[in-house]
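A.B. asks: Based on the provided sequences and hints, a complete structural model is requested.
Residue numbers (the numbering used here), protein chains in the order written: chain A, 2 to 636; chain B, 200 to 686.
The set of hints was computed from the structure by calculation and includes no laboratory data. One or more of the hints may lead you astray.
DSBU-like mimics (lysine-lysine), calculated; alpha carbons at most 30 Å apart, straight line [said to hold, decoys possible]:
#1 B:K549 / B:K518
#2 B:K549 / A:K126
#3 B:K236 / B:K306
#4 B:K560 / A:K95
#5 A:K95 / B:K236
#6 A:K95 / B:K387
#7 A:K330 / A:K396
#8 A:K126 / B:K236
#9 B:K447 / A:K95
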Amino acid sequence: MGLLSDPHCRRALSRLVLRLNTPLCALSYVAGLGWFLALAFQPLAPRTYMSENAMGSTMVEEQFLFGERALSYAREFAGHKKKAGGMPVAWLEKTMWNLGLEVHSQPFSRTLPFPDETRERYMVKGTNVYGILRAPRAASTESLVLSVPCSEGPHNNQAVGLMLALASYFRGQIYWAKDIIFLVNEHDLLGMEAWLEAYHDVNVTEVQSSGTLGRAGAIQAAISLELSSDVVTSFDVAVEGLNGQLPNLDLLNLFHAFCQKNGLLCTIQGKLQRSDWDSLPAYAHSLQTLLLMVLGQASGRPRGDHGLFLRYRIEAITLRGINSFRQYKYDMTTVGKTLEGMFRKLNNLLERLHQSYFFYLLPSLSRFVSIGVYMPAFGFLILVLVLKALDLWMKLSKCETGSAESGPFPSPSPPHGPPLRSRRPHPPGFPQESRPGLLALVPPLLICHAAGLALYFLPVLGQRVATQHFPVSESEAVVLTVIAIYVAGMALPHSTHRVLTGGGSDRGWMTLKLLALLYLAVQLGCLALLNFSLGFLLAATMVPAAAAVQPTGPRVLLAALLVLSTPAVTLLLGIFLQRELVEAPAAAAEGWQLFLAAVAEGLLQHHLYGSFLFPFLALGAYPCWLLLWNVLFWK
Amino acid sequence: GFWRTQAWGQPPLQAPAGAELWVWFQPTVTDVDKAWKELSNILSGIFCASLNFIDSTNTVTPTASFKPLGLANGTDQHLLRYAVLPREVVCTENLTPWKKLLPCGSKAGLAVLLKAERLFHSSYHSQAVHIRPVCRDASCLAVSWELRQTLTVVFDTFSSGQGKKDWSLFKMFSRTLTDACPLASQSKVYVDISPKNKEKELLEVTPPPASVHEAIVHGEKRTYAVYDLLSPSLFNTSRSLNVQLKWKRPQDSSELPTPVLHAQRYVSGYGLQTGEISTLIYNTHPYRAFPVILLETVPWYLRLYVHTLTIITKGKENKPSYIHYQPAQDRRRPHLLEMLIQLPANSVTKITIQFERALLKWTEYPPDPNHGFYVSSSVLSALVPSVIAMKDVDVEQSPLFTSLFPSSDGSSYFVRLYTEPLLVNLPTPDFSMPYNVICLTCTVVAVCYGSFYNLLTRTFHVEEPSRGGLAKRLANIIRKFRGVPPL
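C.D. replies: And the structure:
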């Protein structure tokens with residue numbers, strides 16, 4: 002601080018910032034990206050370890066031997082499902098009751114804001130069935146959940162079978178200290194959302210369901226199971242929840258520990274861990290895994306039914322049984338043993354899972370990057386914005402004081418005066434010349450946010466009108482309206498500032514850019530705390546364009562850069578990157594279809610589960626980007 | 200444990216999860232609070248229970264829910280103290296002192312069945328001690344004190360019997376009865392053999408009972424097979440008594456009819472700032488409405504918003520006819536809410552009240568703060584109208600039944616129910632961090648505050664760059680000493 006209060010040093014510092022601004026920005030940006038890429042380097046990411054004392058070792062002797070029973074349950078379930086043409090509610094209720102569980106069912110219904118074309122549903126009616134295994138001599142204050150989605154077609158029958166076999170085995174044990182809820186939810190996430198809302202007696206979305214249910218206290222942890230084959234070759238674990246929320250790392254460690262104990266292969270993001278860490282392909286492999294996780298988390302979309310639990314502070318993961326062309330297969334007994342072990346460990350918990358990390362990235366299942374390590378990567382990117390803003394601020398204050406000196410009042414502050422000064426109210430009689438700069442900022446700000454509001458509200462509200470006037474279906478109408486409004490917003494700046502006096506001055510665009518940069522920095526900073534991946538991806542794409550944009554110089558180039566950095570294009574590129582990473586590259590046309598589907602999905606996620614990605618983009622990032630667009634076309 | 204009214208019917212003896220203690224003091228006691236403290240400490244010693252954790256933060260004085268038992272007819276509520284410790288669990292160390300109070304200990308009589316390893320291999324276990332003044336004889340000239348010890352156990356035949364519901368004394372207790380306690384004046388085993396759905400002969404008890412007792416319990420006619428251990432004929436044929444019950448047909452859906460009054464309580468909402476306690480009270484009586492007294496004790500660290508209290512029955516607001524609310528004082532006493540609510544026939548009443556979670560001082564958190572904090576069960580007391588008419592049972596003939604299942608008049612019976620205790624998470628700091636946090640905050644405050652203060656208070660003026668070399672500076676110093684303005 003002595004540095005700042007000493008005018009000499011300050012002058013030197015400010016000169017440094019002004020003169021070396023562009024190299025500094027570039028350096029910072031490269032450092033940010035480099036840091037991020039280095040996260041995947043195995044030796045830099047520490048090994049995962051179990052923090053929770055109560056789950057410390059895997060000293061549980063699993064005795065589950067009923068793999069065959071699980072399969073027969075699965076076949077029976079499949080038959081009844083086919084007969085009922087959906088969820089066999091009555092059969093499930095009866096079976097669970099015969100197992101000695103306390104059975105409840107919960108009918109729910111939900112009308113989507115617009116038809117979901119990928120899953121072909123609009124007015125959804127369904128029933129969740131669940132049985133509660135009451136722990137002996139406990140007061141139902143805590144519980145665990147094992148949930149299985151009842152999906153259409155032949156999927157997931159084995160999961161239901163295994164769940165019933167586990168329930169019948171668990172029922173005979175005396176050691177349970179927490180109630181266990183065995184839940185079969187219909188219509189995957191919709192049913193889960195309905196059940197969770199009814200269980201917690203809240204109404205976040207507009208699901209209608211019956212209110213009175215059996216309850217079992219505070220849910221401590223949940224595991225969602227998906228299995229579609231009689232044998233599995235490996236287990237894939239999904240962690241990313243709604244809005245990129247992650248479960249406590251200990252739950253993942255628990256799964257990993259039991260997989261190792263039972264010799265199960267387990268993967269994350271569908272990627273198996275490589276044993277050699279020092280070779281280049283191994284680095285590329287873990288970078289792929291990391292990038293897939295970042296993309297998945299950034300989408301804010303739950304990667305399994307567990308994703309909705311996280312809002313209620315219930316740690317949850319989804320386990321997916323994979324049956325691929327590997328040689329060694331595991332039967333239901335092994336899978337059941339793994340689950341039994343996990344539940345018994347969770348049953349031992351004295352407190353909620355809280356010891357381990359909640360914010361992490363996983364370059365492989367056994368290594369993690371904690372928040373303290375990955376945040377600097379983001380910090381470097383934001384530093385670019387701050388440096389640029391500082392540069393603009395100093396330029397602005399310089400030209401302000403410059404104009405002030407030529408005015409009637411000699412300025413009390415010296416040249417290169419302290420930046421703090423310029424925040425004070427201007428003395429009366431300050432030349433009118435610099436005033437319109439501030440006033441001219443108001444219309445672009447308002448208009449950009451109005452565009453954002455239109456983008457947020459119009460597509461769903463206007464779908465009726467759109468379907469009447471154009472030959473499109475409702476969901477197409479919504480998606481196309483989104484794109485139309487998005488593109489139309491880009492035409493706005495041409496007419497906004499011209500109507501105002503004094504628009505088009507240098508001061509005007511600099512102030513606007515300063516504002517936009519700070520606005521962007523604040524938005525991204527807040528976002529990165531909630532969902533690092535989304536914040537980082539947006540920062541990585543938007544920061545260079547935001548820093549470079551100005552109404553002078555190679556305008557066409559800048560415009561192209563700016564268009565490339567818009568969130569919609571980021572989404573499109575993200576889709577291509579994701580397909581590339583899972584080794585199923587998409588062609589341009591297919592990518593475009595996926596993009597349209599993703600837009601529809603984003604809107605649905607927001608309306609159905611309360612994901613904040615779409616409102617953030619529509620109300621925050623998009624207006625901010627429009628401000629930058631305004632800067633580009635200021636003159 | 201927790202009595203699951205919906206699955207098991209009305210409890211023969213009501214008890215909340217955890218430990219409960221309520222005492223009516225004699226009017227002669229001057230300092231009730233002191234006596235209460237001493238008493239809880241003494242009882243804690245006698246029963247090896249942590250009753251000494253009862254203090255002013257969990258003690259309340261209800262006004263309507265509890266009446267003195269037995270002869271005393273006190274109405275001065277200040278003499279009543281009530282406390283529940285929802286976190287306590289019953290354990291063998293509580294059973295042993297309890298058994299020692301029995302006249303024959305666990306050496307003879309019915310008490311030989313009470314083997315701890317079997318009693319705790321059960322779904323529900325609750326033990327209680329009641330002391331009350333009673334008449335010494337029919338003329339009621341002298342008062343004597345009655346000590347009643349009860350033990351309620353629910354065995355889970357499902358997990359031990361492979362889905363069958365047959366049971367025997369040996370299967371449950373791994374013991375049989377051989378004799379009565381020599382000190383006992385009465386020693387009987389009652390087995391409920393009430394026929395269901397008017398189908399008789401569904402179940403079979405061996406050995407065949409010597410007598411059958413009929414009684415009306417909770418508004419239902421019940422038949423009991425009675426085995427009198429004092430009658431010599433019982434042990435004639437075999438040396439020991441092993442009561443067995445067998446179902447003649449496998450039971451498919453022999454669920455108990457839902458009890459007339461049952462309740463459910465839960466915390467709704469998410470997040471660590473606010474929440475809502477909801478209580479659902481069911482009245483399944485087909486045509487009679489009846490009032491119920493609800494007693495809620497909520498610890499002070501849940502700040503109740505009393506204005507949000509809503510009672511809704513069948514979509515309409517239900518106004519309680521009596522409300523007693525005593526607000527909490529931080530760290531001193533809990534909230535006490537007592538209400539008299541009319542339950543219409545065949546209805547569900549939903550009572551909700553919102554609360555805010557308080558931030559405790561860091562020393563007030565227990566060693567496992569992330570487990571959550573318990574809110575004790577709320578108490579429902581009601582006179583439930585019975586479906587069938589009841590006769591007044593002669594006290595002399597069956598003292599056990601009249602004291603266990605009292606009926607005030609012929610048409611209703613008294614029920615006390617306890618709801619589930621709740622587990623509520625409070626905002627909890629990360630206790631592994633204090634040191635780091637202290638260091639970080641101190642550094643941030645020192646650096647930021649110091650420098651900003653410095654910048655804000657300092658006046659700046661531009662210093663002309665000093666020209667001239669060493670000679671000039673020296674000259675200036677000399678001039679300064681001389682008191683002449685510098686060059």
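A.B. asks: Taking the hints in turn, state whether each one holds.
C.D. replies: These are the hints, each one checked on the structure:
Our distance criterion of 30 Å between C-alpha atoms is met by K549 (chain B) and K518 (chain B), whose separation comes to about 12 Å. With a CA separation close to 26 Å, the supplied pair K549 (chain B) and K126 (chain A) stays within the 30 Å bound. In summary, the hint linking K236 (chain B) to K306 (chain B) is not supported, as the alpha carbons are separated by about 34 Å, beyond the 30 Å threshold. Distance restraint check for K560 (chain B) and K95 (chain A): the Cα-Cα separation of roughly 50 Å exceeds the 30 Å cut-off, and the hinted pair is therefore not satisfied.
For the given pair, K95 (chain A) sits about 52 Å from K236 (chain B) by alpha-carbon distance, which is inconsistent with the 30 Å threshold. With a CA separation close to 39 Å, the supplied pair K95 (chain A) and K387 (chain B) exceeds the 30 Å bound. With a C-alpha separation of about 68 Å, the suggested pairing of K330 (chain A) with K396 (chain A) is violated against the 30 Å cut-off. As the CA atoms of K126 (chain A) and K236 (chain B) are separated by approximately 57 Å, the hinted pair breaks the 30 Å bound.
Restraint check for K447 (chain B) and K95 (chain A): the C-alpha separation of about 22 Å stays at or below 30 Å, so the hint holds.
The structure shown violates the earlier hints numbered 3, 4, 5, 6, 7, 8.
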